[in-house]
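Chains as they are written, first to last, in numbering that gives the first Met the number 0: chain A, 0 to 324; chain B, 0 to 324; chain C, 0 to 340; chain D, 0 to 340.
Hint data in this document are derived by calculation from the structure and do not stem from the laboratory.
Every residue gets a Cβ at the ideal spot worked out from N, C-alpha and C, and that includes glycine.
Warning: the hint list may mix true and false statements.
[Claimed, not checked] The calculated lysine-lysine pairs, modelled on DSBU-like cross-linking and capped at a C-alpha distance of 35 Å, are:
hint : chain 1 : residue 1 : chain 2 : residue 2
1    : D       : 309       : C       : 171
2    : C       : 257       : D       : 248
3    : B       : 38        : C       : 309
4    : C       : 209       : D       : 309
5    : C       : 209       : D       : 171
[Claimed, not checked] Partial chain D-side listing against chain B, Cβ under 7 Å, derived:
hint : residue
6    : 101
7    : 110
8    : 129
9    : 311
10   : 313
11   : 323
[What the hints assert, rightly or not] Example chain C residues on the side facing chain A (calculated, C-beta under 8 Å, incomplete):
hint : residue
12   : 114
13   : 131
14   : 158
15   : 269
16   : 326
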Amino acid sequence: MSQVTYRQAITRGMADAMEADERVFLLGEDVGAAGGAFKVSDGLFERFGPQRVRDTPISEQAIVGAAIGAAIRGLRPMAEIMFADFAGVCFDGIANELAKYRYMTGGQVTLPVTIRLGNGAGAGFGAQHSQSCENWFLNVPGLKIVVPATPADAYGLMRAAVADDDPVLFFEHKHLYNARGELDDAPEPVAIGQALVVRPGDDVTIVATQAMRLQAEQAAETLAQDGISAEVIDPRTVLPLDVATVMESVGRTRRVVVAQESPPDGSWGASLVARICAEGFEWLDAPPLLLSADETPVPYADDLERLWMPDAERIVAATRRTVEF
Amino acid sequence: MSQVTYRQAITRGMADAMEADERVFLLGEDVGAAGGAFKVSDGLFERFGPQRVRDTPISEQAIVGAAIGAAIRGLRPMAEIMFADFAGVCFDGIANELAKYRYMTGGQVTLPVTIRLGNGAGAGFGAQHSQSCENWFLNVPGLKIVVPATPADAYGLMRAAVADDDPVLFFEHKHLYNARGELDDAPEPVAIGQALVVRPGDDVTIVATQAMRLQAEQAAETLAQDGISAEVIDPRTVLPLDVATVMESVGRTRRVVVAQESPPDGSWGASLVARICAEGFEWLDAPPLLLSADETPVPYADDLERLWMPDAERIVAATRRTVEF
Amino acid sequence: MRSSQAAPAAVAIEEQLDWLRSMHEIRFFEEECQRLFTDGLVRGSTHLCQGQEGVEVGACRALADGDTMTCTYRGHGAVLAMGAPLDRTFAEIMGKAEGLCGGKGGSMHLTDVSVGALGSFAIIGAHLPIAAGVALAERYLDSGRVTICFFGDGATNIGAFHEALNLASIWKLPVVYVIENNLYGEYSPLAATTPIEQLVDRADAYGMRKERVDGNDIGLVHRAVTAAAAAARAGEGPTLVEALTYRHKGHSRTDPAKYRPAGELEEWLQRDPILLHERALQSAGIDAERLARVRDDAERAVLDALERAKAFQAPAPESRFDHVFAEQALAQASADAGVLA
Amino acid sequence: MRSSQAAPAAVAIEEQLDWLRSMHEIRFFEEECQRLFTDGLVRGSTHLCQGQEGVEVGACRALADGDTMTCTYRGHGAVLAMGAPLDRTFAEIMGKAEGLCGGKGGSMHLTDVSVGALGSFAIIGAHLPIAAGVALAERYLDSGRVTICFFGDGATNIGAFHEALNLASIWKLPVVYVIENNLYGEYSPLAATTPIEQLVDRADAYGMRKERVDGNDIGLVHRAVTAAAAAARAGEGPTLVEALTYRHKGHSRTDPAKYRPAGELEEWLQRDPILLHERALQSAGIDAERLARVRDDAERAVLDALERAKAFQAPAPESRFDHVFAEQALAQASADAGVLA
Ligand SMILES: Cc1ncc(C[n+]2csc(CCOP(=O)(O)OP(=O)(O)O)c2C)c(N)n1
Ligand SMILES: Cc1ncc(C[n+]2csc(CCOP(=O)(O)OP(=O)(O)O)c2C)c(N)n1
Ligand SMILES: [Mg+2]
Ligand SMILES: [Mg+2]
């Protein structure tokens, strides 16, 4: 067991995956000698060489396409899209090709593609570099989408993603790269599609991912001091959502708050609320509360960006309202 | 008052908009002499000439970009993206540029851009030409998204979209092009963001758009024969959703079914359910029911495609379950 | 652009007869296809390739065993040229369970991986980067294989074309990009959308090898693609081949092709690739009777295949949940009719 | 590529002194900017343009009143060259209410429409089609105006580049595309990503006019862009200008630029555009004292502007709901803290 950063955990996840299987390789812009824009592939080029750690031109359509093509011929590509927002320029490749190719061919091709994307706000990068882009892809069957919050989950989901025979979008929260956490010396993969009960509780369930999960944990701590016992759940995968784990919790607590770093419409949070209502409407003692970011693009200025999205304090307030309903 | 097709209503909407304002023009692939892939711009080239009805190369990024650039210089472009699925190749232009440009510049630019997209399934076009792509853009603040179902709404929303100073995505359901309906001789614009109560009812509210709305009307007819009075609401705009009109109805009926032609996660239907629960949880006598398409890409074969999405019969069954809850 | 009426000597006559057979099969296949659609037996749309068989057969027959191919929605010919069975190809277009893709793909997505037909793509340009990826894998695995990527003249204006060719060139990938230049993108003549004379010159923007050929002369296409494939295998990187050809029919089922100048079609019919190849074979000593037999055999094969295809079953309703994922469990979970309640 | 040490005779000396002033302002601005970031007074990232001032000022000063410009995240210089006020530009980067964009945009999105700086774009390639659209509007409105679009060498590999240049060319739009070729895209040298020698040759793929210039010689840049703008106004369509230059600093705040070969920076510092232009002015008879005064005035203007900017207020919290839409009502409706409950 050691303390590592989220960034180091991903790096190690990729390195171990490459070590374990020669078909695994990484491609993206400046992922090689430069170690990636966020330094997540630091050292991989030196260790695995230019064949397996490949710098590309600034051509995201080509990156995603090349990953698809390589995958159908038996390789297991990891493609980096730097800022998740750039998925906009290769959306067709992800949503129309990668997600549908297997289905359209009646299962003739297998697409073990992992796409890594730097997600989220909080660092002053402005409207085009701060979105939670997992929400763009929720309505696209054929994809699996993971959103790790901790080093252990990041490592475990990276291993699972690369080992998975289906396309996985792996969202790395940029604001967490330097966050530290425990990582086992021989860490295991984390199953895709399995939520984690981060903190058990009895009075209310708080569901959150990535940076918001850390805020939710903080909020739960604060609430505990007031005698409110909040269970915190991190879905870790948003497509498909592990509704069962959430329902098990909500079945006990009968109250739920979903906190997310994005606007409400078309979000995983709204999708989860719809599923909670579908499966456990009668159990609920309070309306499910969806705490979202503002319905605006992400503003640049420090203060504005901070206000744009929920934080521990607002989660506390929202949870109180739900508990007191 | 005359009977026109949905296609003719859109054509007339564009023509009247161009007649009314010289800054309005149309660009897209084969929208000119050919009249568009779906013949929606038939006759416009002859009437308004090559300056105002512009054929482009097969370059959707250029189409959207050109519309943005022209708009900030005072024109009012209507851009056609033929099949909505092709929005995947110009997703960045729509979601990262068009939607955010005004905000990022603190209001220095105004973007009266209308983007027309051929939406939806039901015609055997397969997985890459049949999606309900409005769902891709729900999490992107800065856009308005309209989804007309009838000739009158198509005409009225087209006029409103072109007159609007903000970007509007105008989704035309391909399967409705030949559907007929009434159109006033001097038709009015339809306000963006206003739902329509299509059929009043007391026992349950059914919410649906585009092709599903017609199925919902049929379903209501069938239910009426069984003594179930269903109110049918067509949001007509899915961003922003007119939650007030839906809540007014649900406040009376206390039961709601949302039927849509897409998978559930990340859909406008799930977003609406989340909002209904937020605003009217206590009023509901039954869980809000979200009736969606299968969580798969759209299959090609006739029978499979028909099964893939809800229809009147399944809406009837779902509504019965909700009423009997 | 050179035109060879004489068949290239290097290719055995039997092989060249086989090209003829393949072109005939495609031609008859497309004619039947058209009938299926106009008779309303099949829905959706279809994009026929009559007139372009020379490019498709000429190029695919330049491949070796294990080589692969990707193409567009106008891909019936290319997929058949790779060796996809006629009956299961018909069946796919008819949405049958025994179709190449189990009825999931349809006319625009014909795929038969077992013969190297890796996929037909219906978003313009999307498969060009995918083909680069296929070639990257061949390079990575040191397989010695090459891949062909077919696309249209209109597709050279989309962004993915640019990114794919640049990537293929900088990495010297074993891919042959073949433009089937049939003079139109949907209803637009090339000159209306593309400000240069020769599309193949776009190769220069990527420092890429290039070759422009008469696409209706199957011998020339075969020779050009053979050379390009050899170069690719030798590590010399990709080639952009522009094959000039013509589609005899409209863009799609609903297009009467009224935008064509008078006489254009007639002129191209004179240069029908089947006709030209038959002439070449006659010059090489094959008699008319033998040629007629090839044609008739092809026709019979197509009609028989169509009958078989018609007899195939529709896909089982539950099959629509298959093949979303490699592991079925996830898709099955949603098989309960999409109701959240 | 020609190199002119002598200033082009056609441009008045006063105007050329003004170029120098503008380059100095940009240089000092960027130095202060860097300090703001390294001191942690500003978050996020910034992309500085020291060394590229010759391209930005040379090109923008070739424009006439009412002409416009779009650029990238590395756009401080271009926006200032168009005449954006120093203080409000600083203020935007500092996220102040009085910033050019009210603090909504930041370093990567500097925009001042009032001076024709239509926007800075941070997704590579995205603004190239937008610039075509701006030019289309000028054409449509018969305004006689032209627009400049700046972008980097690395951006020539993205799809939007291809689509935009093709469209601009086929429609003969009045736009001047200027590649600021600073030899690197982020940390990658051009040759690692781009298989051709001269980026400007990509113009041939679009039948587009082209010109390659020493971007550190402001006179040559000015002359090339003046000619391109004149051609554009005359209806002769767009030009692709490649200006060879160098960024003195790393790609962004966090980049120490270790990937550069030893001596490369030093060599380029010898060819600093400010230095070269000062020499040219000296040859034209301007004395050292006058040159020093220009420099000092620029420095003072920048430092004063920075002081003013520091004193500006942070944006009001509620201002974050403004400007999503032209009509405010819609955004305001969601101002109740994003809670669905
Ligand atoms: C991205 C995208 N835009 C538009 C279309 C619609 N479309 C289908 S075929 C076609 C014309 C293509 O022309 P070309 O590349 O010359 O191929 P051809 O059809 O002539 O074989 C168009 C525009 C599409 N499928 N994908
Ligand atoms: C679509 C997209 N991909 C990647 C990036 C990340 N990125 C920002 S700057 C840059 C390098 C651009 O190089 P170049 O075009 O030469 O411009 P320069 O930075 O040298 O001015 C990259 C890859 C981006 N902003 N957008
Ligand atoms: Mg064509
Ligand atoms: Mg550069």
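Quick rundown of the hints versus the structure:
Distance check on the hinted pair: residue 309(D) and residue 171(C) sit about 52 Å apart at the alpha-carbon level, beyond 35 Å; violated. Taking the CA atoms of residue 257(C) and residue 248(D), the gap is near 59 Å; set against the 35 Å cutoff, the hint is violated. Proposed proximity of residue 38(B) and residue 309(C) is supported: the alpha carbons are some 33 Å apart, at most 35 Å. Annotation: proposed proximity of residue 209(C) to residue 309(D) is violated, straight-line Cα distance about 58 Å (limit 35 Å).
Pair hint residue 209(C) plus residue 171(D) holds up; C-alpha atoms about 27 Å apart against a cutoff of 35 Å. Because the closest C-beta pair between residue 101(D) and chain B is about 3 Å apart, less than 7 Å, the hint holds. Taking 7 Å as the C-beta contact cut-off toward chain B, the hint placing residue 110(D) at the interface holds, the least distance being around 4 Å. Using the Cβ-Cβ criterion of 7 Å, the hint placing residue 129(D) at the interface with chain B is satisfied: the shortest such distance is roughly 4 Å.
The interface hint given for residue 311(D) is violated, since its Cβ lies 14 Å from the closest Cβ of chain B, which is over the 7 Å cut-off. Taking 7 Å as the C-beta cut-off, the interface hint given for residue 313(D) is violated, the closest approach to chain B being about 14 Å. Contact between residue 323(D) and chain B, as hinted, is supported at the beta carbon level, the nearest pair being about 5 Å apart and thus within 7 Å. Checking residue 114(C) against chain A by beta carbon gives a least distance of about 11 Å; that is not within 8 Å, so the hint is violated.
Checking residue 131(C) against chain A: minimum C-beta separation of about 5 Å stays under 8 Å; hint holds. With its C-beta approaching chain A no nearer than about 6 Å, residue 158(C) sits inside the 8 Å limit, and its interface hint holds. With a cut of 8 Å, the hint placing residue 269(C) at the interface with chain A is violated, because the nearest CB-to-CB distance is about 38 Å. For residue 326(C), the suggested interface contact is upheld, since its CB lies about 7 Å from the closest CB of chain A, less than 8 Å.
Checked against the numbered hints given earlier, this structure breaks hints 1, 2, 4, 9, 10, 12, 15; the rest are met.
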